[in-house]
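Just so you know, the protein sequences line up as chains E and U, in that order.
With the numbering used here as the guide, the letters of the first sequence map in order to residues 1 to 160.
With the numbering used here as the guide, the letters of the second sequence map in order to residues 1 to 534.
Bear in mind the hints are in silico, worked out from the structure with no lab data behind them.
None of the values given here were measured: they were computed from a predicted structure.
All C-beta atoms, glycine included, are put in the ideal place defined by N, C-alpha and C.
Treat the hints with caution; some may be incorrect.
Footprint (simulated), chain E over chain U, 3 or more residues, beta carbon under 8 angstroms [to be verified]:
# : region
1 : 124–134
2 : 178–186
3 : 344–356
4 : 409–422
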Amino acid sequence: MQQVPDYEAWSAGRASEIVSQHVSLDGPLLPLLQALQETFGFVPEAAIVMVAEALNLSRAEVHGVATFYHDFRREPYGRHVLKFCRAEACQAAGGDALAAHAQARLGVPLGTTALDGTVTLEPVYCLGLCATAPSAMIDGRVIGRLDQQRLDAVVAEVQR
Amino acid sequence: MMLRVFVPRDAGALAVGADEVATALQQAAVARQIDLELVRTGSRGLYWLEPLVEVGTSEGRVGFGPMAPADAASVLDAALGADGLHPLQLGFTEHIPWLKRQTRLTFARCGIVDPLTVEDYRAHGGLRGLERALSLGPDATIEEVVQSGLRGRGGAGFPTGIKWRTVAQTAATQKYIVCNADEGDSGTFADRMIMEGDPFVLIEGMVIAGIAVGATRGYVYIRSEYPHAIATMTAALAAARRAGVLGAQVAGSPYAFDIEVRAGAGAYVCGEETSLLESIEGRRGIVRAKPPLPAHKGLFGRPTVINNVLSLASVPIVLADGAARYRDFGMGRSRGTMPIQLAGNVKHGGLFETAFGITLDELVDDVGGGTASGRPVRAVQVGGPLGAYFSRALFDTPFDYEAFAARDGLIGHGGIVVFDDTVDMAKQARFAMEFCALESCGKCTPCRIGSTRGVETIDRIIRGENRAENLTILEDLCHTMKFGSLCALGGFTPYPVISALTHFPEDFGPRPTPGPRASRPLSQSAGETPAVPG
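Taking the hints into account, I'd like the entire structure generated from these sequences.
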């Protein structure tokens, strides 16, 4: 099992350090938001304000970017993140039934986080593992040829 | 005793346990006191055999697969034995018919070389294209790409050389080469394989493009769903800098060129070129109206070549062996080879690079071996989520841009997703609209609103509400989306919907009034097709 990422608690000092590392890039906004999320696990409102000031953008512009892209999280995720590919190649290989099975076993609907914060279930539209479908990703580790047995092992790992 | 063993580090191989197999091989080698040299390569693209382990011999590499960690010890014993026999032994990998019948030009090195060693790349024919481009000079290099007949492999099929010439002829102090590696289409993974298995060929292609058009900076925009590709490309760029392939004096020439990786953030629409440029610039991935073309005003308002991974990765072979050799492959206006990706419910899925012209039934039945489930093939979707669904009646279609267009389909990025007879085509049509609604950038009305209305209308058809009336509405809506959308997301979503309706009408319930439909064919004004994302 992949190492669960250990995110830092929000710190304005740490955040402004990250901001200053990125401001000199051409088109710094996406790499900057990505770096903030990698550090803190999500992009809090305070970060939006800070980034807007640093890049001389309006808060609305930064908010617009942070909400346009599916990747950016506005609140912390569960300790584990389980992503199911819901695109056509995985549909053809029975992926829908497996996603339904995981939702039922964990009691967490796709696109939400468990109330106890153990796991976030997310749809993803193609991991590029279409010749070993159906596929999923658990905490950044890719899984191909997913079947109920392999999925149950992942579910058990997440619940531990 | 010394043994050289090759284990892929491609994400598709890792997903089925390649790392675990590599660890088991190392442990088994220690237990047997064998000096094991483990080389991590890309994938050969024979995914049903992954993890495919290869053992180096004096006559060539012998394949074993699909491997499980528990097989490691017995495979090592077999490899060291006199006859080399083992139940998983596949013979010389190069002689596996599935691989042998391919024409590998773009993927010539993928799965063979260590993707992070420039010397290995050079030893396998790499950098010959760049050397020739430097001796030809910019104008002749562009001419060579034009003459090769290479067309954009991202989906739109626009001639690559013509794009380059436009940028070269546009005066500016700064120009850019942007590689579109936002491979979002389901059923496609060729870009990912190249970036993970032979990243230097993409770097070489971008360097050649830069020298040809007078650009000094390049960006590779890789989707965030590909973390392994991002890591390998980043490491390969560093290696290329160390080797002098990138930098102030590319390969000792007076030309400067460097490349930066940018990660996407989960928006499918960013595979559309103008939306991708917006994203690099740090904005929402909203599609730009054209003109101006990116070739005139692209990234940061500067002249920009924006090409797909496979287009750029095909450039070195075009230059190295000459335009004529590349052009000799293919049919009609589709020249060269196409890396075709067989995916979904398919027995022998993977990457099959071949000259244009191979038919769908050859690809699906012969190469793909039918479905993995063993049930009859009912439908294929070619070209990703915006590609048409074809029934068996259309399987004589040759793989060619124009032949697919003539049947209201597209080859897109070359992905073929196979479905067996359990597929519900009304559900697939609904998904096409649902996906468009989810991923629409929101700039144009037909896409933003049409996709949601499309989902609702298909739901009514599935429930059997005023079926005839709602089918007419759906066809009319598709027509509006096709001709009124700004880019291919809204413009091509009708392809899977209408093709499902046309070729699989029985899945949409009985038609109340038999007879010819009043719909207008999608091909009505073909020729004005917008570029396809991804």
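Hints, one by one, checked against the model:
1. 124–134: violated (count 0)
2. 178–186: Held - the region 178–186 of chain U has 4 residues with a Cβ nearer than 8 angstroms to chain E, which meets the minimum of three.
3. 344–356: holds (count 6)
4. 409–422: holds (count 5)
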